[in-house]
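2 protein chains.
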Amino acid sequence: MNTTMQKISIEKVKTSKIDQVDFDNLDFGSVFTDHMLVCDYKNGAWETPKIIPYQPISLEPSAKIFHYGQSIFEGMKAYKDTENKIWFFRPLDNHRRLNISAKRMAIPEIPEAFFMEGLKALVKLDEKWIPQKDGSSLYIRPFIFASGKGFHASPADEYKFIICLAPSGSYFSGKVKVLIEEKYSRSANGGVGYAKAGGNYAGQFYPTQLAAQKGYSQVIWTDDNNHEYIEEAGAMNIFVRIGDTLITGPTSDRILDGITRKSILQIAEDEGIPTEVRKITVSEVVEAAKNGSLKEMFGAGTAAVVSPISTFGFRDVDYDLPELAESYATRLKKRITDIQFNRAEDPFGWRYGL
Amino acid sequence: MNTTMQKISIEKVKTSKIDQVDFDNLDFGSVFTDHMLVCDYKNGAWETPKIIPYQPISLEPSAKIFHYGQSIFEGMKAYKDTENKIWFFRPLDNHRRLNISAKRMAIPEIPEAFFMEGLKALVKLDEKWIPQKDGSSLYIRPFIFASGKGFHASPADEYKFIICLAPSGSYFSGKVKVLIEEKYSRSANGGVGYAKAGGNYAGQFYPTQLAAQKGYSQVIWTDDNNHEYIEEAGAMNIFVRIGDTLITGPTSDRILDGITRKSILQIAEDEGIPTEVRKITVSEVVEAAKNGSLKEMFGAGTAAVVSPISTFGFRDVDYDLPELAESYATRLKKRITDIQFNRAEDPFGWRYGL
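Quick mapping for you: the protein sequence lines, in order, are chains A and B.
Residue numbering for the first sequence follows the working numbering, starting at 1 and increasing by one per position.
Residue numbering for the second sequence follows the working numbering, starting at 1 and increasing by one per position.
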């Protein structure tokens with residue numbers, strides 16, 4: 001892998017479009033900043049990344065992204081503290097995971113310098129776009145896709161690595177009701193579930209639409225063998241609190257190794273909360289809901305941060321979670337966002353200053 | 001679904017590039033004809049398709065195809081007989097399957113008229129591109145992908161349906177050695193394996209690369225639970241002949257309902273070949289190879305037509321298939337291509353004249 005890199009070139013916009021943006025009413029990921037980073041893979045090597053005005057991409061109709069779903073992405077955020085200093089959260093972990101996804105999807109890995117220097121240069125250039133309203137943030141989307149052409153079902157010979165930035169509001173609005181799914185599945189043993197591969201997401205859309213028709217905003221996936229174990233929710237990992245113990249499933253080749261997931265686990269341990277990482281059966285969650293020992297369920301992910309689940313549905317029965325005065329979700333969300341926004345000490349070394 | 005359609009507009013190229021093509025040395029799917037069909041889905045409806053010169057597609061960086069793999073495709077061929085009449089093979093089945101894939105991937109279904117009229121108009125316009133050399137054909141690639149934008153992991157609001165044409169040689173060159181895979185998997189129960197969804201293909205690339213390093217050109221996938229049953233080969237369905245019986249696995253939510261597969265089955269029955277559609281265990285195939293009752297294995301698919309397998313590998317042992325003077329593969333391939341090229345009667349009503 002070529003890891004030497006020339007200086008990133010920057011072509012600035014003539015006129016910023018930032019004044020057209022209503023920063024008080026941001027959706028998630030629907031407004032984009034003035035610039036983007038683009039890096040091409042050609043002739044067996046990644047070329048020097050360049051920053052250019054945010055603009056359309058032109059591709060051959062036979063580009064393999066259209067036909068064979070060869071694409072991966074990451075989700076990150078940039079945070080601005082009260083002194084206008086900019087922070088990332090564990091960005092090297094995103095780079096590492098992007099390359100884990102790349103390997104599984106037969107996409108050439110991206111050198112750390114290309115990723116990190118590109119990320120920093122782009123966010124620095126568009127730093128005015130980082131929202132400062134509570135609950136908002138600058139969502140960062142690095143992605144790689146197959147731009148090489150041809151209808152043969154084999155890896156492409158050319159790729160594009162792009163980073164776009166989207167000032168964003170919350171991923172979920174309102175309460176989060178989830179459905180425990182028993183018919184459809186997200187991933188196979190030996191499949192690509194642990195990769196942030198595009199196709200993992202499209203496959204969830206239809207079952208999620210069916211769940212939405214019943215009033216649920218997300219599906220909780222279970223294993224495809226017997227639908228016996230809770231896995232993840234597609235856009236977030238899942239935590240359950242039974243009694244005083246916080247439990248989440250182990251990562252595997254079916255479950256994404258979430259950065260928020262592992263951070264929440266570490267914070268919980270640091271706070272003295274009893275944690276367990278083990279397979280969670282659907283039946284124990286239902287049983288715990290019935291006998292009152294199920295105190296909380298929440299999702300954890302970069303986009304969703306920590307999203308408390310108000311209700312879960314299983315086999316046509318809705319189980320409401322209690323509203324606790326002092327929930328783990330609230331406590332853990334405060335602790336992680338305080339670290340992210342530089343409002344608290346970071347004993348874990350997770351903050352990464354721009 | 002809006003099924004009324006205005007007349008398809010046609011914008012022709014000023015100069016054809018057909019003279020630049022070496023029709024005697026065609027790869028598979030790497031040369032494209034002068035024109036393409038494009039049909040946009042916007043504001044909840046498919047717009048009238050148009051035929052335009054083959055050209056790049058321009059998309060927003062946030063188009064969902066890049067991020068969430070929301071794409072499907074079909075593979076078809078057009079054949080020219082000795083009197084220069086053009087034929088399709090069961091094209092309505094491709095349309096039907098495209099919509100089955102569309103439903104599973106939360107993509108709006110395409111009306112039959114849009115598909116069939118678009119297909120016919122495009123192939124008619126570029127009919128000079130249909131190769132007439134034996135073993136070559138005009139490969140047709142209809143595909144739909146999410147062009148709507150935004151980083152929210154949910155179905156797009158805009159799509160493109162495109163048809164491209166590629167005069168093509170054989171999909172495989174030389175003997176086909178396959179590896180029975182026991183670690184990686186192609187699809188999950190309740191997943192999207194039965195859909196021709198882009199992500200199903202990219203997920204196979206890495207395991208196929210690993211197999212290629214050992215000298216195999218394709219992987220035969222097995223179920224993800226116990227790797228006990230033979231499923232399909234990704235680019236083709238699999239048939240095995242044990243004794244005189246031709247066997248293929250049943251379609252399911254994990255296995256593509258191949259049009260060549262079901263045609264081969266019907267031809268075999270018509271020819272009095274004993275057939276079975278049932279789950280095939282890996283162990284029975286290995287056992288049959290050892291005791292000499294395994295006579296043939298072959299793949300069947302639009303791109304690969306009927307591809308005899310010369311060797312299969314399993315747990316570091318290679319099993320060579322015998323070379324038969326009168327194989328089912330040769331007989332069935334001749335019968336299906338004779339029907340496709342209008343060299344024989346078509347008692348099944350599969351040919352569809354342009």
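Calculated from the structure, these hints are not laboratory results.
Don't take every hint at face value.
Said to hold, decoys possible - Listed next, the in silico BS3-like pairs over lysine-lysine satisfying Cα-Cα at most 27 Å (straight line):
| no. | chain 1 | residue 1 | chain 2 | residue 2 |
| --- | --- | --- | --- | --- |
| 1 | A | 50 | B | 149 |
| 2 | B | 279 | B | 133 |
| 3 | B | 149 | A | 124 |
| 4 | A | 149 | B | 124 |
| 5 | A | 183 | B | 279 |
| 6 | A | 183 | B | 103 |
| 7 | A | 149 | B | 334 |
Stated by the list, open to error - Negatives, chain A to chain B, calculated, CB over 12 Å:
| no. | residue |
| --- | --- |
| 8 | 182 |
| 9 | 197 |
| 10 | 204 |
| 11 | 244 |
| 12 | 253 |
| 13 | 327 |
To be verified - Per label pair, the in silico range of CB-to-CB distance:
| no. | chain 1 | residue 1 | chain 2 | residue 2 | range |
| --- | --- | --- | --- | --- | --- |
| 14 | A | 175 | B | 127 | 55 to 61 Å |
| 15 | A | 215 | B | 128 | 51 to 57 Å |
| 16 | B | 243 | A | 215 | 39 to 45 Å |
Backbone N, C-alpha and C define an ideal beta-carbon position, used for all residues, glycine too.
Going down the list of hints, with the structure as the test:
1. The hinted pair formed by residue 50 (chain A) and residue 149 (chain B) meets the criterion: a straight-line CA distance of about 23 Å does not exceed 27 Å.
2. In summary, the hint linking residue 279 (chain B) to residue 133 (chain B) is not supported, as the alpha carbons are separated by about 38 Å, beyond the 27 Å threshold.
3. A threshold of 27 Å between alpha carbons decides the hint, and for residue 149 (chain B) with residue 124 (chain A) the separation of about 25 Å falls inside it, so the pair holds.
4. With a C-alpha separation of about 25 Å, the suggested pairing of residue 149 (chain A) with residue 124 (chain B) holds against the 27 Å cut-off.
5. For the hint linking residue 183 (chain A) to residue 279 (chain B), the alpha-carbon distance of about 21 Å falls within 27 Å, and the restraint holds.
6. At roughly 16 Å between alpha-carbon atoms, residue 183 (chain A) and residue 103 (chain B) fall within 27 Å of each other, so this suggested pair holds.
7. Between residue 149 (chain A) and residue 334 (chain B), the direct Cα distance comes to roughly 31 Å. Violation of the 27 Å bound is thereby established for this hinted pair.
8. For residue 182 (chain A), the requirement that its beta carbon stay farther than 12 Å from each beta carbon of chain B is not met, with the minimum near 8 Å.
9. Distance check for residue 197 (chain A) against chain B: the nearest CB is about 6 Å away, which does not clear 12 Å, and the non-interface claim fails.
10. The Cβ of residue 204 (chain A) does not lie farther than 12 Å from every Cβ of chain B; its closest approach is about 8 Å, which violates its non-interface assignment.
11. With a least beta-carbon separation of about 33 Å from chain B, residue 244 (chain A) lies farther than 12 Å from that chain, consistent with its non-interface assignment.
12. Against chain B, the non-interface label of residue 253 (chain A) is violated: not every CB pair exceeds 12 Å, the least being about 9 Å.
13. The beta carbon of residue 327 (chain A) sits about 25 Å from the closest Cβ of chain B, which is more than 12 Å, so the claim that it is off the interface holds.
14. At roughly 58 Å, the beta-carbon separation of residue 175 (chain A) and residue 127 (chain B) lies within the given 55 to 61 Å, and the hint holds.
15. Checking the proposed 51 to 57 Å range against residue 215 (chain A) and residue 128 (chain B) shows it holds: the Cβ atoms sit about 56 Å from each other.
16. Residue 243 (chain B) and residue 215 (chain A) have their C-beta atoms about 55 Å apart, which leaves the hinted 39 to 45 Å range violated.
Violated hints, in rising order: 2, 7, 8, 9, 10, 12, 16; the structure is consistent with all others.
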